[in-house]
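K.L.:
Sequence order for the protein chains is A and B.
One point on numbering: in the numbering used here, the residue at position 131 of the first sequence is 131, and numbering is uninterrupted.
Basically the numbering used here = 1-based index in the second sequence + 1000.
These aren't lab readings, by the way, just hints derived from the structure by calculation.
Glycine is no exception: its CB is placed at the ideal position from the N, C-alpha and C atoms.
Honestly, I wouldn't trust all of these hints.
[As the list claims (entries may be wrong)] Just some of the chain B residues that point at chain A, by a computed CB distance under 10 angstroms:
1) A1259
2) H1342
3) D1343
4) S1345
5) V1347
6) N1349
7) A1357
8) M1393
9) E1396
10) M1402
Now for the letters of each chain:
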Amino acid sequence: MDLKGLYREIVNEHNLNPVHKKEMTDYDLELRGVNPSCGDDITLRLKVKDGVVADASFTGEGCAISQASCDMMCDQIIGLQTEEALSRAELFHGMIRGEVTDEDALEPLDEAASLQDIAHMPARVKCAMLGWRTMKELLT
Amino acid sequence: MDVSLIRKDFPILRDHPEVIYFDNAATAQRPACVTEAVRAFYDETNANPLRGLYDWSIGATARYEAAREVTASLIGASRPEEIIFTRNTTESLNLVARTQGMERIGEGDEIVISVTEHHSDILPWQILCKKKGATLVWMEPDEEGYITKEEYTSKITKKTKIVAIGHVSNVLGVMQPVKEIAAHAHECGAIVVVDGAQAVPHTEVDVKDLDADFYAFSGHKLMGPFGIGVLYGKYALLEETEPFLTGGEMIEYVTRTEATWAEIPHKFEAGTVNAAGACGMAEAIRYLQGIGFEAVRTQEETLTRRLMEGMRRLPYIRIYGAKDPASHHGIVTFTMEGVHPHDISSVLNEDKVCVRAGHHCAQPLMQFLKVGSTARASLYFYNTEDEVDRFLMHLEGVRKVMGF
């Protein structure tokens, strides 16, 4: 998919109407993630109960890809064991680096797999990675 | 000026009419005569200049020193020795900070800079202040981006030892009143260092008229090769300044314990120099002088006016800086409501439009303007009205692609 198609079909919805972009008060973990060169600047907050990500949300600002990717990530990891969330982050990273391309292998990423074509847009890789990278730092 | 003819001088523009290159403030395109001058240096008289006693080295030296004379003439230097070749503006400014700056600044002194500066005219002074226990004093611009008389006379005082100011802002495009600032700074006993990277490609600069003590610029922004830049310094100041880098070809005499320095400018050009780059830049200067600054200005103003008028018709676009297009030196920095600048740039790239997005190496200015980042279209004399019209159409397209 080209970039315009990616925006129209996937990114815009999450960017303009993000479900998980909101203030959260009863969180357990909080971390700021920044892409200094772009100005992407998010704060990710997680509620973790018995080793499970009970809730996830973020605030901040950035480009559409960083915001949409983070929203999709929150959607994805809620309800997962922290180890599972971390292994999803690895899988997503592998996809964005272009190392994992097999459709079946990417299936666990669900909607986030629709960002696969970012792998061909080197200027936008770190935008897509921001939320996942921050989550990984937060849980390790 | 017939722009369609001029574009034939630039292989990359001639071969890619579909690309709209509006990132000229980052680097300009090169006419064929510039790359040809670099090739000619290597193919016709390549040897290490300033050293060899044989014809090729003598020829290389002659071309290198001729480039210095052309560069001196561009900015009205009194003599070629006042031109020091560096890698770029950044290196030139660091050179001043690490030499004159280290000697001149002491605890409690003040260095005055502007919020509108590029990081390369901030960090050398910020670091110098930290090292010496000096204070960095910031001048703030008015709503159009200008440093007013009230502002510079209140910030530049008897405590000020150095004033560093960008001639033309790389974000707002406005030209600061450097001559007036320099006059006041000199009355206070300070020296004036000017970052001219965005001025020299667009307008006549006369360092004597400005009374700048140091003036820095880059070759690549005026169509020269990458990796060659300039530091102009007043002769007497350069004479009293200690060397920056030390090593080959900048000495007079070396013993096991002592060294004496070569005459200026060689005292500041340690190691093998970028002679081919200097020759390429000299050719770019000749090309620019052939076009003429009057023609450059006329074309840039025509295009900037058309661009800003078109953008003002789009209610979701905000333009930063001066209202008058003639004050922009081809630079139009903007934001689009609801759309991050990186998305603007990425979507425009799909339509083969090149603009910069981000903080433009001017984060204190972004903080002052209260924006995280902006998009910037920057024009040069070889851009066309047709490109401006296509750009405006694509800009409207961005808005739609982003779901508005």
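K.L.:
Could you run down the list of hints and mark each one as holding or not?
P.N.:
Status of the hints after comparison with the structure:
Given the 10 angstroms rule on beta carbons, the hint for A1259 (chain B) is violated: about 41 angstroms separates it from the nearest Cβ of chain A. Contact between H1342 (chain B) and chain A, as hinted, is supported at the beta carbon level, the nearest pair being about 4 angstroms apart and thus within 10 angstroms. For D1343 (chain B), the suggested interface contact is upheld, since its CB lies about 5 angstroms from the closest CB of chain A, less than 10 angstroms. Hint status for S1345 (chain B) relative to chain A: holds, with the closest Cβ pair at about 8 angstroms, below 10 angstroms.
For V1347 (chain B), the suggested interface contact is upheld, since its CB lies about 6 angstroms from the closest CB of chain A, less than 10 angstroms. Look at N1349 (chain B): its Cβ gets to within about 8 angstroms of chain A, closer than 10 angstroms, so that hint holds up. Hint on A1357 (chain B) holds. Least Cβ distance to chain A is approximately 8 angstroms, under the 10 angstroms limit. Below 10 angstroms, beta-carbon pairs count as interface contacts, and M1393 (chain B) has none with chain A, the closest being about 15 angstroms; its hint is therefore violated.
Taken as an interface hint, E1396 (chain B) does not check out: its beta carbon lies about 14 angstroms from the nearest beta carbon of chain A, beyond 10 angstroms. Annotation: M1402 (chain B) was flagged as interfacial toward chain A, and the flag holds, the nearest CB pair being 6 angstroms apart, inside 10 angstroms.
In terms of the numbered hints stated before, the structure departs from hints 1, 8 and 9, listed from lowest to highest.
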